[in-house]
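Which chain is which? The protein sequence lines are A and B, in order.
So the first sequence is residues 1 to 487, counted in the numbering used here.
So the second sequence is residues 1 to 487, counted in the numbering used here.
These are computed hints drawn from the structure, not numbers from a lab.
Take the hints with a grain of salt, since some may be wrong.
Copies of one chain are not kept apart here, so a pair can be met inside one copy or by any two copies together.
As the list claims (entries may be wrong) - List time: in silico SDA-like cross-link candidates among lysine to any residue, alpha-carbon distance up to 20 Å: (1) Lys240 - Thr441; (2) Lys137 - Arg78; (3) Lys271 - Asp248; (4) Lys430 - Ile206; (5) Lys381 - Val138; (6) Lys100 - Glu391; (7) Lys386 - Ala465; (8) Lys126 - Arg78; (9) Lys226 - Arg379; (10) Lys427 - Pro82; (11) Lys233 - Arg358; (12) Lys240 - Ala406; (13) Lys359 - Leu191; (14) Lys100 - Pro444; (15) Lys426 - Pro355; (16) Lys226 - Lys271; (17) Lys75 - Glu252; (18) Lys460 - Leu92; (19) Lys286 - Arg265; (20) Lys213 - Gln300; (21) Lys233 - Ala465; (22) Lys240 - Ser273; (23) Lys427 - Arg466; (24) Lys240 - Lys271; (25) Lys126 - Arg483; (26) Lys433 - Thr128; (27) Lys359 - Ala136; (28) Lys286 - Ala405.
Listed here are the chains, written in short residue letters.
Protein chains: 2
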Amino acid sequence: MLRLGPLAAAGRLLPAGPRLEPPRPAGGRVSFLRCWPPRLPGPVGDGRPLSQQVRAAADSAGGGGGRGLALKTPKGTRDHPPAHVALRDHLLAAVVACFKRHGAAAIDTPVLELRVPFARYLAMNKITNMKRYHVAKVYRRDSPATTRGRYREFYQCDFDIAGQCDPMIPDAECLKIVHEILSDLQLGDFLIKVNDRRILNGVFAICGVPESKFITTCSTVDKLDKVPWEEVKSEMVEEKGLSPEAADYIGEYVQLHGGLDLVERLLQDPKLSQNKLAKEGLGDMKLLFEYLTLFGITGQISFDLSLARGLDYYTGVIFEAVLLQQENDHVEEPVSVGSVAGGGRYDGLVGMFDPKGRKVPCVGVSIGIERIFSILEQRVKASGEKVRTTETQVLVATPQKHLLAARLKLISELWDAGIKAEMLYKKDPKLLKQLQYCEDTGIPLAAIVGEQELTDGVVKLRDVARREEVDIPREKLVDEIRRRLEP
Amino acid sequence: MLRLGPLAAAGRLLPAGPRLEPPRPAGGRVSFLRCWPPRLPGPVGDGRPLSQQVRAAADSAGGGGGRGLALKTPKGTRDHPPAHVALRDHLLAAVVACFKRHGAAAIDTPVLELRVPFARYLAMNKITNMKRYHVAKVYRRDSPATTRGRYREFYQCDFDIAGQCDPMIPDAECLKIVHEILSDLQLGDFLIKVNDRRILNGVFAICGVPESKFITTCSTVDKLDKVPWEEVKSEMVEEKGLSPEAADYIGEYVQLHGGLDLVERLLQDPKLSQNKLAKEGLGDMKLLFEYLTLFGITGQISFDLSLARGLDYYTGVIFEAVLLQQENDHVEEPVSVGSVAGGGRYDGLVGMFDPKGRKVPCVGVSIGIERIFSILEQRVKASGEKVRTTETQVLVATPQKHLLAARLKLISELWDAGIKAEMLYKKDPKLLKQLQYCEDTGIPLAAIVGEQELTDGVVKLRDVARREEVDIPREKLVDEIRRRLEP
């Protein structure tokens with residue numbers, strides 16, 4: 001039975017498969033603007049006793065005899081059974097551990113929100129300096145595409161650094177965080193693409209795109225990771241109204257990707273280096289690479305001029321992490337691979353909420369926990385292993401009848417000592433049934449008290465996997481269990 | 001600075017203060033039936049760039065120049081700043097640890113739900129056996145009374161055992177769980193009141209209450225912990241239409257409370273012991289006390305015939321835990337004391353959802369985490385201590401200029417070793433400012449690298465509280481930090 005330690009990396013190589021969904025916005029919790037409110041039919045909770053309400057609902061649903069309720073979850077949502085929650089909690093714990101490792105405090109804002117909660121929170125509380133994370137369920141309104149793993153209810157994990165900082169220090173930390181989380185989760189090879197809005201805007205400017213078309217051109221460029229250049233170009237020309245020459249000129253730049261060498265090359269580019277914004281962006285990109293070198297993570301970083309990201313509020317560095325599907329993947333269905341984290345700098349957003357327009361520079365990252373969950377879930381499925389859904393360490397068992405009191409007394413001692421323990425809820429369960437329960441649910445130890453053990457003042461401690469038993473003096477039992485369960 | 005270890009018990013005694021709110025239903029997640037849906041004005045997310053939407057919202061809100069948004073959270077909701085979340089996470093962790101200690105698996109059901117999610121989940125998935133917990137935010141629709149700590153968005157923590165069991169074994173475990181959680185959280189003295197719906201119904205029957213009035217009489221009896229008997233009696237007679245004699249007769253029973261002795265006495269009661277339901281209930285109550293004695297927790301258990309609990313779906317044992325406000329409380333404002341956990345047996349609910357009416361007996365408990373939070377929050381406030389909102393263990397600092405690279409390299413090493421570390425986001429911060437940051441935020445250690453330390457291959461490790469510094473060889477730094485931070 002699989003215990004949720006770090007999940008084994010697959011270590012394989014294949015061309016990237018289709019994406020599950022477009023990259024979600026990150027670096028700020030914006031989803032509400034697209035998604036709320038969910039609506040449920042009619043008034044509920046009319047003051048009648050609950051059982052009457054249930055019966056009434058059943059009857060109006062066409063069922064007879066107080067039954068026949070349509071048993072399903074609301075549209076676009078699903079239940080999460082224990083195996084789901086165990087895996088998801090494991091993921092969330094790794095993400096939160098990383099956020100805490102970087103000194104972030106947690107905040108929580110109401111799930112009902114008409115705006116970008118973090119920006120509103122900072123402006124409302126006049127906070128000019130904060131490193132925070134927020135892990136919570138959020139909701140989106142778009143038509144659910146549950147077959148593609150897209151639900152109306154999902155988790156969002158955000159980390160943001162707000163405040164006046166020296167250039168690129170917090171930006172570099174955000175990339176380090178992405179690197180740590182993807183490494184910790186052992187998701188296999190990944191690449192973090194980095195770009196800067198100022199560089200993109202500089203490219204657009206020197207290619208003759210009017211400023212009013214920067215944002216829309218940006219969203220066209222962002223498609224380059226999914227469709228070939230020719231399609232992107234034709235969208236630019238036919239839909240966005242750029243000249244073919246301007247589009248070709250843009251194409252020369254946005255198809256570039258590399259490392260520090262490319263940054264240096266573009267800093268020497270006669271036209272681009274004359275553009276103030278682009279020069280600033282390239283200078284900061286150089287600094288970023290310097291810091292990432294000190295962090296030892298440049299091997300997974302690609303300066304990619306095609307990265308544009310959808311949201312218009314980014315003002316500086318932007319980034320997005322993708323998993324690289326690897327060869328020899330022996331999963332049954334191809335795992336959809338795509339963006340699993342993203343974010344960037346947004347220096348203007350908080351100021352929009354502030355009555356006096358005071359700016360609070362921010363940089364943030366959002367971890368695509370739902371997509372990572374889908375990937376890990378497929379891997380677990382492919383491995384054929386069962387996920388343990390409980391953490392029970394010991395089953396308290398009895399081999400004869402009339403020993404319920406002995407079980408209750410012993411299990412109470414174990415609980416009070418902090419040991420995770422269960423027993424069957426039967427007065428006189430068969431020993432075989434009790435041991436079978438251990439094997440079915442992955443409980444590693446059984447503490448057995450029979451008449452003989454009670455007389456001798458011992459407990460028989462059974463290693464379930466090895467089927468070995470040894471008598472332990474009662475007063476040493478807790479220590480012995482702890483010793484055996486040490487990692 | 002307060003670290004969130006177990007919070008100190010107050011250990012004081014005062015008459016119970018006013019309640020924050022009536023006890024919430026427990027042993028099933030029913031809140032949705034009373035509370036959904038929240039509604040937000042108008043359509044949001046119209047496809048325009050986010051910044052334009054924000055500006056448009058600001059303008060329509062009467063602000064000028066793209067600003068002036070009404071900066072508030074939606075009605076009945078609030079933000080949770082880091083100190084809130086740190087305290088709440090500490091509480092939730094203790095609750096979840098207890099649920100896991102008892103072998104429960106976690107499930108998660110959609111927040112949008114028209115019915116009792118756990119019962120629906122069991123019926124829909126044809127599950128006849130499950131021990132599960134569910135910790136999640138839920139919503140209620142009633143007019144918010146935020147000044148009394150009653151919000152539209154709040155956490156609910158449920159634990160339930162579903163399945164055919166021998167009598168009172170899982171029921172006793174639910175009470176043990178309440179006892180463990182309230183003890184672990186060191187909330188001071190508490191009492192767990194226990195009763196059984198069958199005993200109450202038996203009392204009503206022998207007192208001449210028609211069966212159709214059992215539920216409504218139940219909810220009148222439930223007020224006995226807040227108002228004197230005379231008021232309860234007059235409600236029974238004037239509003240519920242019982243005869244004064246029946247009411248008086250009921251009064252003789254429902255004002256009784258005690259321990260196993262009272263159970264034994266009622267088992268001898270000539271009339272009550274003739275009622276089949278009451279006899280069953282009393283027999284099981286005796287068994288329950290036997291098991292609770294083995295658990296060693298009868299000191300905090302009171303068999304209280306006035307306990308009725310509001311929900312009509314309970315079919316057997318019911319219980320509710322109250323904190324006892326104690327004398328010498330030196331808190332500034334009186335802490336509202338009341339029900340902090342409750343639950344009971346509901347053997348009929350799942351069957352209402354099952355198309356064939358198959359019953360799944362259940363017993364469950366709900367922990368009133370929001371009320372416990374309010375109590376602890378007041379205590380923390382009264383103590384004047386600050387709650388640490390981050391877990392940072394080490395600040396990486398430099399004493400001279402031009403050492404940013406050294407800080408970045410060192411902090412990266414610490415992060416990679418799993419140490420929680422921060423640094424200031426400035427190129428050349430003053431040492432004093434860095435050390436001040438440690439004191440302000442409760443960071444216990446500072447790792448200082450200056451020119452001399454770099455030359456010597458050491459790091460100066462500073463104990464912030466003691467203001468002591470010692471040079472540690474670089475390669476031993478991680479071990480030394482771990483050693484110092486051992487509990």
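Subject >> Structure versus earlier hints - violations, ascending order >> reply: Violated: hints 1, 4, 5, 9, 10, 11, 12, 13, 15, 16, 17, 18, 20, 21, 22, 23, 24, 25, 27.
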